[in-house]
Amino acid sequence: MKVLFFGPLAEITGSSQLELESCGTTDKLYELILRQYPEMKNKSIKLALNQELVAGNMNIQAGDELAVMAPFAGG
Amino acid sequence: MKVLFFGPLAEITGSSQLELESCGTTDKLYELILRQYPEMKNKSIKLALNQELVAGNMNIQAGDELAVMAPFAGG
Amino acid sequence: MNSAKTKPHTVLQQGPVSPDFVSASIASHSAKTGIGAHTIFLGQVRKDEIQGKPVEAIEYTAYPEMAEKEFSRIREEAFAKYELSCLHIHHSLGLVKAGEISLFVFVSAKHRKQVFEACSFLVEQIKAHVPIWGKEITSDGSYTWKENKPV
Amino acid sequence: MNSAKTKPHTVLQQGPVSPDFVSASIASHSAKTGIGAHTIFLGQVRKDEIQGKPVEAIEYTAYPEMAEKEFSRIREEAFAKYELSCLHIHHSLGLVKAGEISLFVFVSAKHRKQVFEACSFLVEQIKAHVPIWGKEITSDGSYTWKENKPV
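Protein chains in written order, with the numbering used here: chain A, 767 to 841; chain B, 767 to 841; chain C, 2 to 152; chain D, 2 to 152.
Take these hints with a grain of salt, some might be off.
Between beta-carbon pairs, the in silico distance windows are [claimed, not checked]:
#1 A:Asn825 <-> D:Gly95: 31 to 39 angstroms
#2 C:Ser19 <-> A:Lys812: 55 to 63 angstroms
#3 A:Ala828 <-> D:Lys33: 31 to 39 angstroms
Just a sample of chain D residues kept apart from chain A, beta carbon distances all over 10 angstroms, derived [as the list claims (entries may be wrong)]:
#4 Lys48
#5 His130
#6 Ile138
#7 Trp146
Don't read these hints as lab results, they were simulated from the structure. This one's a predicted model, so the numbers in the text were calculated from it and none came from an experiment. Don't be surprised by glycine CBs; every beta carbon is placed ideally from N, CA and C.
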């Protein structure tokens with residue numbers, strides 16, 4: 767399962783794209799990321815599934831595009 | 767007493783500046799103008815005394831600058 | 002930036018405000034690195050139809066001495082009411098064709114919080130209180146006197 | 002003007018928004034003679050001090066595909082919410098120096114009534130919902146990740 771990381775989070779992971787073990791739902795992915803990168807706990811991270819912000823818990827299908835994002839800073 | 771007229775009002779008077787008889791107060795000037803130019807009755811005219819909008823009735827002194835104005839259209 | 006607040010301004014200018022003038026104004030603020038947010042209002046002359054005839058231009062006249070005093074008063078009021086770095090107002094006199102710009106209001110501040118409110122306040126004050134008049138001239142040369150209405 | 006609403010836009014551009022680009026955008030609206038009011042918002046990079054060191058630039062990165070989708074959604078929402086003739090958004094990627102412009106929002110309508118509200122709505126939506134990040138780079142080369150806060 768490919769997961770994208772941006773901005774400050776890519777600095778923590780050392781890469782803008784990681785291959786993580788499949789985990790079925792976005793809640794599980796969230797847990798997995800925080801276990802693997804405990805520094806992200808203070809970053810109020812958000813997930814995007816197929817380029818849309820995840821609200822609640824969502825199922826992950828094969829081929830879905832997943833992204834982990836720090837608070838935005840546009841403007 | 768010199769009185770200035772602008773925009774649509776100068777069209778009614780035919781001049782941007784008229785010499786009117788002294789009349790002591792702005793209320794009296796207002797009456798005088800409407801008597802002389804009854805067409806201004808529908809124009810919701812305002813007076814300015816020394817370049818400030820007249821609110822209420824004010825005394826007119828020798829040398830004061832008086833102006834009669836139609837609704838504004840700036841912008 | 003206090004100097005920007007107190008230096009005398011002449012708001013009224015002959016003819017339309019050009020887009021190049023707007024960009025020069027923007028560029029001149031790049032040295033003011035305490036500014037984080039600008040809001041600009043531009044009033045553009047519309048080709049409205051008056052009795053079936055399109056408006057080709059507005060011809061503006063003013064009571065210039067009182068108009069400049071009112072612009073100053075409005076500026077002071079905006080600085081008192083909002084936390085602004087600087088503000089600039091330019092208004093046309095004379096002929097401004099449909100599609101051209103007759104009013105340019107430029108408000109700058111550290112944060113975006115109040116720039117929209119301040120800019121809107123300025124535009125409403127200008128339309129309500131500054132002695133400016135405009136003839137809407139239609140294609141056959143006839144004209145109608147414009148009148149501002151409150152929003 | 003419906004074509005302006007539906008034609009595809011790319012909001013993200015490399016480097017700062019130049020004042021000349023803003024004036025060209027303004028000039029390109031002079032043919033749209035149904036427009037009476039424009040509002041522009043410009044976000045300018047501030048030379049804030051971070052631990053005593055001045056910010057020299059912000060380096061912007063984005064999740065570009067999602068960012069463009071969010072910009073489209075925000076545009077559609079603004080057109081649904083307000084009576085607008087057209088609107089344009091431009092946001093920088095890469096390095097934007099202090100004093101330069103990183104965000105340009107341009108809203109046009111027949112009347113002034115809603116342009117300020119629409120422009121403010123767009124700016125708040127962009128800051129809250131578009132996946133863009135910025136490194137504030139100070140004079141000694143160190144940096145801090147910027148985070149937007151609600152107004």
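Verification of the hints:
In this structure, asparagine 825 of chain A and glycine 95 of chain D meet the distance hint of 31 to 39 angstroms, their C-beta atoms being roughly 36 angstroms apart. Roughly 44 angstroms separates the CB atoms of serine 19 of chain C and lysine 812 of chain A, a value that falls outside the hinted 55 to 63 angstroms. For alanine 828 of chain A and lysine 33 of chain D, the Cβ-Cβ distance of about 48 angstroms falls outside the hinted range of 31 to 39 angstroms, so the restraint is violated. The beta carbon of lysine 48 of chain D sits about 17 angstroms from the closest Cβ of chain A, which is more than 10 angstroms, so the claim that it is off the interface holds.
Not every beta carbon of chain A lies more than 10 angstroms from that of histidine 130 of chain D, the smallest distance being close to 7 angstroms; the non-interface claim is violated. Residue placement check: isoleucine 138 of chain D keeps its beta carbon more than 10 angstroms from all beta carbons of chain A (closest about 13 angstroms). Its closest Cβ contact with chain A, about 4 angstroms, brings tryptophan 146 of chain D to no more than 10 angstroms, contrary to its assignment away from the interface.
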